[in-house]
Amino acid sequence: MGDTVDLNSIADLARRVRKQALVMTSRANASHIGSSLSSVDIMAMLYGKVMRYDPARPDWPERDRFILSKGHACSALYAMLAECDFFGREWLDTYCQDGARLAGHVTHTGVPGVEVSTGSLGHGLSLGAGMALALKRDGKPQRVYVVISDGECDEGSVWEAALFAPHHKLDNLTVIVDYNKIQSLGRVKDVIDLDPLAEKWCAFGWGAVELNGHDLEALDRAFTALPLSPGRPSCIVAHTVKGKGVSYMEDKLKWHYSAPKGDELTQALAEVENG
Amino acid sequence: MRNAFLAELFDLAQQDERITFVTGDLGYTVVEKFMETLPKQFLNAGVAEANMTSVAAGMALSGKIVFTYSIANFPTLRCLEQIRNDVCYHRVNVKIVSVGGGFAYGSMGATHHAIEDLAVMRALPNLTVVAPGDPVEARAATRAVVAHQGPCYLRLGKAGEPIVHDGPIAFELGKAIRLRDGRHATLITTGGMLKTATLAADRLEAAGISVRVVSMHTLKPLDEQEVLAAARETGACFTIEEHSVIGGLGSAVAEVLSEADCPKVPFKRLGMPSAFSPHIGSQAYLLKQHGLNDEGVARTVQATLSASTSRVSS
Chain A
28 MGDTVDLNSI ADLARRVRKQ ALVMTSRANA SHIGSSLSSV DIMAMLYGKV
78 MRYDPARPDW PERDRFILSK GHACSALYAM LAECDFFGRE WLDTYCQDGA
128 RLAGHVTHTG VPGVEVSTGS LGHGLSLGAG MALALKRDGK PQRVYVVISD
178 GECDEGSVWE AALFAPHHKL DNLTVIVDYN KIQSLGRVKD VIDLDPLAEK
228 WCAFGWGAVE LNGHDLEALD RAFTALPLSP GRPSCIVAHT VKGKGVSYME
278 DKLKWHYSAP KGDELTQALA EVENG
Chain B
-9 MRNAFLAELF DLAQQDERIT FVTGDLGYTV VEKFMETLPK QFLNAGVAEA
41 NMTSVAAGMA LSGKIVFTYS IANFPTLRCL EQIRNDVCYH RVNVKIVSVG
91 GGFAYGSMGA THHAIEDLAV MRALPNLTVV APGDPVEARA ATRAVVAHQG
141 PCYLRLGKAG EPIVHDGPIA FELGKAIRLR DGRHATLITT GGMLKTATLA
191 ADRLEAAGIS VRVVSMHTLK PLDEQEVLAA ARETGACFTI EEHSVIGGLG
241 SAVAEVLSEA DCPKVPFKRL GMPSAFSPHI GSQAYLLKQH GLNDEGVART
291 VQATLSASTS RVSS
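Keeping their order, the protein sequence lines are chains A and B.
Per this note's numbering, the very first residue in the first sequence carries number 28; after that it's consecutive.
Per this note's numbering, the very first residue in the second sequence carries number -9; after that it's consecutive.
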């Protein structure tokens, strides 16, 4: 991927991924569409412009690494990998079906482009830190990107990793917090309040920035500026909207669980197409 | 065993720069040489075992052979899900090392008694579980787990365990070592109970009971053939472990015997009951309290064989 990528093409990639994720979720009657939709623009920027990879060689040593630590948002990642030609789009039709390769949380077995399996929260940032440390010790220039959720920040292991990465000056590591403000049983501020979140990461020694996680220009600026602070890992606190792109899903806890059906799906696809 | 392991690993790491030693902030006076000589292969992950384990998996996914190191239950139970998902599921080259298996930290209290670790580790897919019986086996096991492609758990004693093998050994993961042969029963041991088993065997010999002694240094995969040979050729089996009788060596051997096509033989698991030790004291004291000293082992074996004989003759 290069610097000349047009942001319109990123928006188009995000649109296609949203539609795929909606169809996948509807067909499988699966959960977590709201969580997928909030992270799509972040992933579209990474896969559409920021990261170096080769879908024909998923284990290419010179690839950048991506970890979706909030593994429940896997429909977005699978759709992204299909749109980026890691595997055929027809795989998406089998999402969560009997005998399928694509499970309801990110699964690496038999799925090209998936670095690690996730699904239990609080693992991905540490895994990414280990990769980043190994790359650094081997003098390699590749970068590691980890998307975590806001609810995931309740896990103590996230903060173990948050302490670890700056100590080891992992400026090749970037965490993006998909801060959609809703977790499993309610609003983040009512469950375990995270604010002020960017300040917490700064206090732990990260270079941190807050931005609108659906603003491609803002994401582009942040990713272009990495590392956000010299010699430190970077944290992008991305303020997002759960269910982004579908009016009746936006900022609603219900869509952490429910799948759109019938007319709901039709409306959702139309809104994304015209959004 | 700890010192044998560290000495061997240091030698191996000097020849293979992929080997990385990650400690959870433990190893005062014993890890400094590694840290100072091979700084690029050393990492102190701090008192944060969950992060340590996932970091190790991430490093292994990037080509390293990573040893995580801590004491008692910290590198296993504290970070169990990281071991399951990040290490075992991804089948990475992470070798988990616990120093002080069993009652090695006896007087430190029940938090430091690692007596369920083998059961829990044995249940995890893709994980090779190794508990060497003496410093000679510890060195050999260290070489073997480095050469083995995939996750391993290496349960060590602490320091000062006696050397049992008086010469070189043929060590192979999954292949038990027979230390002596006997006609009336087999003592199968794992980990640091090996010396106790040989001493108990001496006592039994003196009482006219001839016993085979087997070091089952690898719990998973288990050497099932050696278990079956013990039953068929000596007619009685005893497992001896510094561990709960639930889920460890005793359970593993019982599983083999109960499903095998061989006659039922006298069998007993010698270990800890599923309980927090009510006693406070040294390793030797706690083992004795639970009948796991050589005298206690010999007594249990003798009593079990006598009961069995009287059942047969009555």
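Any given hint could turn out to be false.
As the list claims (entries may be wrong) - These stretches of chain A come out as covered by chain B in the derived footprint (C-beta under 8 angstroms, 3 or more residues):
| no. | stretch |
| --- | --- |
| 1 | 122 to 131 |
| 2 | 135 to 143 |
| 3 | 155 to 166 |
To be verified - Straight-line C-alpha distance at most 25 angstroms; calculated SDA-like pairs for lysine to any residue:
| no. | chain 1 | residue 1 | chain 2 | residue 2 |
| --- | --- | --- | --- | --- |
| 4 | A | Lys163 | B | Arg8 |
| 5 | B | Lys30 | A | Val215 |
| 6 | A | Lys167 | B | Met25 |
| 7 | A | Lys163 | B | Gln5 |
| 8 | A | Lys281 | A | Val215 |
| 9 | A | Lys196 | B | Glu26 |
| 10 | B | Lys30 | A | Pro88 |
Since the hints were made in silico from the structure, they are not lab data.
Keep in mind that this is a model prediction, so the values were computed, not measured.
All C-beta atoms, glycine included, are put in the ideal place defined by N, C-alpha and C.
For each hint, the structure was consulted:
1. 122 to 131: violated (count 0)
2. 135 to 143: holds (count 3)
3. 155 to 166: n = 10 at 8 angstroms, threshold three: holds.
4. Lys163(A) / Arg8(B): holds, 14 angstroms
5. Lys30(B) / Val215(A): violated, 40 angstroms
6. Lys167(A) / Met25(B): Measuring from Cα to Cα gives roughly 23 angstroms; hence the hint holds.
7. Lys163(A) / Gln5(B): Holds: Lys163(A) and Gln5(B) sit about 21 angstroms apart, inside 25 angstroms.
8. Lys281(A) / Val215(A): Cα-Cα ~15 angstroms, so holds.
9. Lys196(A) / Glu26(B): Holds. Lys196(A) to Glu26(B) sits at ~20 angstroms (cutoff 25 angstroms).
10. Lys30(B) / Pro88(A): Distance of about 20 angstroms is within 25 angstroms: holds.
Taken one by one, the earlier hints fail for this structure at numbers 1, 5, listed in ascending order.
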